[in-house]
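This is what each chain is made of:
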Amino acid sequence: MKKGYIWRRLLRSLISIMIIMLIVFTMVYTLVPRENIFFEDSTYRKLGGKSDDKTEYVYSTWQKLGYLDYVRINDYCLTLYEAGSEDMIRAVEPDSKESQDFVSYYSGKGYTVEQYLQSGRYYAYKDIPVIVRMATWLGQLIAIDTPWSVQDPNNPDLQRGLSFGRTPTGGLALIGSGTTHKYLLYTDSRFPFIHQNIIHLNFGTSYPTYQGLNVMSVLFQSQGAEVKRHVTFETGYEAESGINFGTLRYKSVLDRMDKKKFVDNYATYDVDKNQPSMIGTSFTMGIFSLVLAYAIGLPAGLLMARRKDKLADKLGMVYIIFIIAVPSLAYIYLFRYIGTTVFNLPSVFTTYGPEDVRSWVLPIISLALPSIASLMLWTRRYVVDQMNSDYVKFAKAKGLNQREIFNNHILKNAIIPIAHGIPASLAGCITGAIITESIYSVGGMGKMLPNSINQYNNVMIVALAFIFSSVSVLSVLAGDIVVTKVDPRISLSEKAGRS
Amino acid sequence: MSIRNTKIQDVNLFEFADFDELQSEHIAAPRYSYWKSVWRTFFKNKFTVAVAALLLIIIIFALIQPMYSGYSPILTPNINNAEMKFLKPSAEHIFGTDHVGNEVFDAVWAGARNSIIISFVCTFINMIVGIPIGALWGFSKKMDKWMIEVYNIVSNIPFLLLAMILSYVLGAGMKSLIITMTCTEWIFVAYFIRTQVMIIRDREYNMASKCLGTRTWTMIVKNILPYLISVIMTYVSRQIPSLISYEVFLSYMGLGLGTTNASLGRTISLYTSYMNGYPHLFWIPVGVLALISISLYIVGQKLADAADPRTHI
Chain A
1 MKKGYIWRRL LRSLISIMII MLIVFTMVYT LVPRENIFFE DSTYRKLGGK
51 SDDKTEYVYS TWQKLGYLDY VRINDYCLTL YEAGSEDMIR AVEPDSKESQ
101 DFVSYYSGKG YTVEQYLQSG RYYAYKDIPV IVRMATWLGQ LIAIDTPWSV
151 QDPNNPDLQR GLSFGRTPTG GLALIGSGTT HKYLLYTDSR FPFIHQNIIH
201 LNFGTSYPTY QGLNVMSVLF QSQGAEVKRH VTFETGYEAE SGINFGTLRY
251 KSVLDRMDKK KFVDNYATYD VDKNQPSMIG TSFTMGIFSL VLAYAIGLPA
301 GLLMARRKDK LADKLGMVYI IFIIAVPSLA YIYLFRYIGT TVFNLPSVFT
351 TYGPEDVRSW VLPIISLALP SIASLMLWTR RYVVDQMNSD YVKFAKAKGL
401 NQREIFNNHI LKNAIIPIAH GIPASLAGCI TGAIITESIY SVGGMGKMLP
451 NSINQYNNVM IVALAFIFSS VSVLSVLAGD IVVTKVDPRI SLSEKAGRS
Chain B
1001 MSIRNTKIQD VNLFEFADFD ELQSEHIAAP RYSYWKSVWR TFFKNKFTVA
1051 VAALLLIIII FALIQPMYSG YSPILTPNIN NAEMKFLKPS AEHIFGTDHV
1101 GNEVFDAVWA GARNSIIISF VCTFINMIVG IPIGALWGFS KKMDKWMIEV
1151 YNIVSNIPFL LLAMILSYVL GAGMKSLIIT MTCTEWIFVA YFIRTQVMII
1201 RDREYNMASK CLGTRTWTMI VKNILPYLIS VIMTYVSRQI PSLISYEVFL
1251 SYMGLGLGTT NASLGRTISL YTSYMNGYPH LFWIPVGVLA LISISLYIVG
1301 QKLADAADPR THI
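Chain order of the listed sequences is A and B.
All residue numbers for the first sequence refer to my numbering, where the first residue is 1 and numbers rise by one.
All residue numbers for the second sequence refer to my numbering, where the first residue is 1001 and numbers rise by one.
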């Protein structure tokens, strides 16, 4: 296989992902009414009567989320006068000369100028085009941590540089100063033992649900209750805490407790919790159901092909038709009903939580049911097709027995198209399962997208759309590469006479 | 040697017949009509005919019954009558009554009607749009390069997001649901047809046709599409149940037909909470839904089998 082909495919895939993102951006930011984002915001609801504060909150939130550019008369006057000066107090009032300048200057630049309902002061705003928003989003997507990342006016004398040292848990570490993260590279006893904080994907800050949290940490951080253990901090202070030292980040203003625990400004941290992260939950569930599906689906499909038109084949067909024809919602409920009444398994994940094996059984089986059916169907199809081919007849004529033909010849050829789907199914584990997760109340990725859409969490929608579409576009490419590895006859690059 | 001798000896036994123009045009093979053969093969199987009859009865019943019952999920005349709620199935209340005292029988058939209409209309639109585009796409190598990227893009737009946003823009209802289930779904039909067309595009008979100067479109319509009828039929028979399943899923997510229209999906997701106390509320709609989908699937598969000329011998 030519290297060039893969690069070209990769480039085309990236362009596709960008176009998908542009469509998602357009849908989310222009078609959904922007007032809706406040439905789930408790701060907004508290601002009920006070109209000026409300206007201020609404517009500054929109600005924060990138909907528009918002300028107040205060911002404008601050460029002319000092804060708190008499000129300043006079200039912000609506009848001042500066206010007139503000109005004419910003209307000239295409801004919409309006007055606060109570004070009558002026403010201006202008919508940011979707394409600009997407460009900004893309520009911030990959965040690289350097010693110049933190620019804090409260701490102008911050030292900048890198050094080697040890983490409080005893691991080796590359320690940064002036960086956002304290430990850029470090080792500890957790999988995969070496961790890095240099490159991060930055999808922005979640709003209005999971408010103030980074989207990535919402998806990747453990959930549930804090797991406390005995910890000695750098200062010698001892306490019960779930701190994960590897996640220490820069904090501008330290409080009393922070000063007790830490010697420097790196005092923001994540704590270890007792339940796996959303991605972790979905992935665990997905991997187990995938293994189950292949372990049952492949042999069952082979058996159906071998006993074509016999009882085993017909029974398998009944199962396949059942799964295809009955809506997934209905058969998941059916299997849940059987599982809870006959095998006494919990009907929702939260009954025993993720620590208990029993919680996982039903969701994993439910998730595997459709994959088993489609694997059976396609394995049978491919094997039956191979059974009628000339080389099999030839092998038979040569005197090979059924098992030899099956294991050495048919299987190898029939497995090729099945191998094509493996990367996509693996990738599918990350994105989770919407129906299964909502029926069993599993805290995974699958329910994130519908929840974010319902709660108008646009930042989250965009991030999820990016993750899902990249995973699926790239897994198609991975599938093609796997096929060429399994079967050297297949070539991906275009040849004359082929397409 | 002996044969030649016999011929010479028996030559007197034969008479010369007159040339008959009508007889010379006669074809000895039995007359073959494609569609007649399709129907004959289809009706040969008793089981298939029984399922088809059942399906026909269900569809007609689902289309007619709601006109007489006048069921609407927003009308709840028995809501204050505790005696009418959660009745078990009986002669008087065939499927029993639900949590607001409405007849489950009426709710199920009104829902089935909408589900059937939506899945049929959507399948029809998807096929009408998808098949010609797919056929052209499979035929033209130049188009393939671009269309494969279009496919990559359209198939990866999060479906749920699209459904949600369309229900904002157009409002919940039959129209927006049909648009939701067609505006990206056609590309999957087109992609499927494209692959099928590519398989038979370079067969010898098509090469010959091309050499003789047949136009692309004529080749698609006359040479290729007839070959694909059975494959398309198989696809349709899977698409209809899967669209019903989609509708159920969307209703479960609160995105389907809205609260004013009856739908099987909404009925099922609404009755789910009574599954332990009143299992009939859940199992009856699911059973009816399964009956419709499975019989549609079986009839479609059998039609596809019958549409394959190789089964006509």
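It should be emphasised that the hints constitute simulated quantities derived from the structure, not laboratory data.
A couple of the hints might just be wrong.
To be verified - Taking lysine-lysine pairs in the DSS-like style, the calculated list, with each CA pair at most 30 Å apart, reads:
hint : chain 1 : residue 1 : chain 2 : residue 2
1    : A       : K310      : B       : K1046
2    : B       : K1145     : A       : K308
3    : B       : K1044     : A       : K310
4    : A       : K261      : A       : K251
5    : A       : K447      : A       : K310
6    : A       : K308      : B       : K1044
7    : A       : K485      : B       : K1210
8    : B       : K1141     : A       : K314
9    : B       : K1085     : A       : K485
10   : A       : K3        : A       : K54
11   : B       : K1036     : A       : K3
12   : B       : K1036     : A       : K314
13   : B       : K1044     : A       : K485
14   : B       : K1046     : A       : K3
15   : B       : K1175     : A       : K447
16   : A       : K314      : B       : K1046
17   : A       : K3        : B       : K1145
18   : B       : K1142     : B       : K1222
Quick rundown of the hints versus the structure:
1. A:K310 <-> B:K1046: 20 Å, holds
2. B:K1145 <-> A:K308: The hint is violated at about 39 Å.
3. B:K1044 <-> A:K310: The hint holds at about 21 Å.
4. A:K261 <-> A:K251: Measuring from Cα to Cα gives roughly 13 Å; hence the hint holds.
5. A:K447 <-> A:K310: Violated: K447 of chain A and K310 of chain A sit about 42 Å apart, past 30 Å.
6. A:K308 <-> B:K1044: 22 Å, holds
7. A:K485 <-> B:K1210: 36 Å, violated
8. B:K1141 <-> A:K314: Status violated; Cα separation ~40 Å.
9. B:K1085 <-> A:K485: 63 Å, violated
10. A:K3 <-> A:K54: 57 Å, violated
11. B:K1036 <-> A:K3: The given pair, whose Cα atoms are some 54 Å apart, is violated under the 30 Å limit.
12. B:K1036 <-> A:K314: Judged against 30 Å, a Cα distance of about 29 Å means the pair holds.
13. B:K1044 <-> A:K485: Since the Cα atoms of K1044 of chain B and K485 of chain A sit roughly 47 Å apart, the hinted pair is violated (cutoff 30 Å).
14. B:K1046 <-> A:K3: 57 Å, violated
15. B:K1175 <-> A:K447: 26 Å, holds
16. A:K314 <-> B:K1046: 17 Å, holds
17. A:K3 <-> B:K1145: 19 Å, holds
18. B:K1142 <-> B:K1222: Between K1142 of chain B and K1222 of chain B the Cα gap is close to 22 Å, so the pair holds against 30 Å.
This entry does not satisfy hints 2, 5, 7, 8, 9, 10, 11, 13 and 14, going by the numbered hints stated previously.
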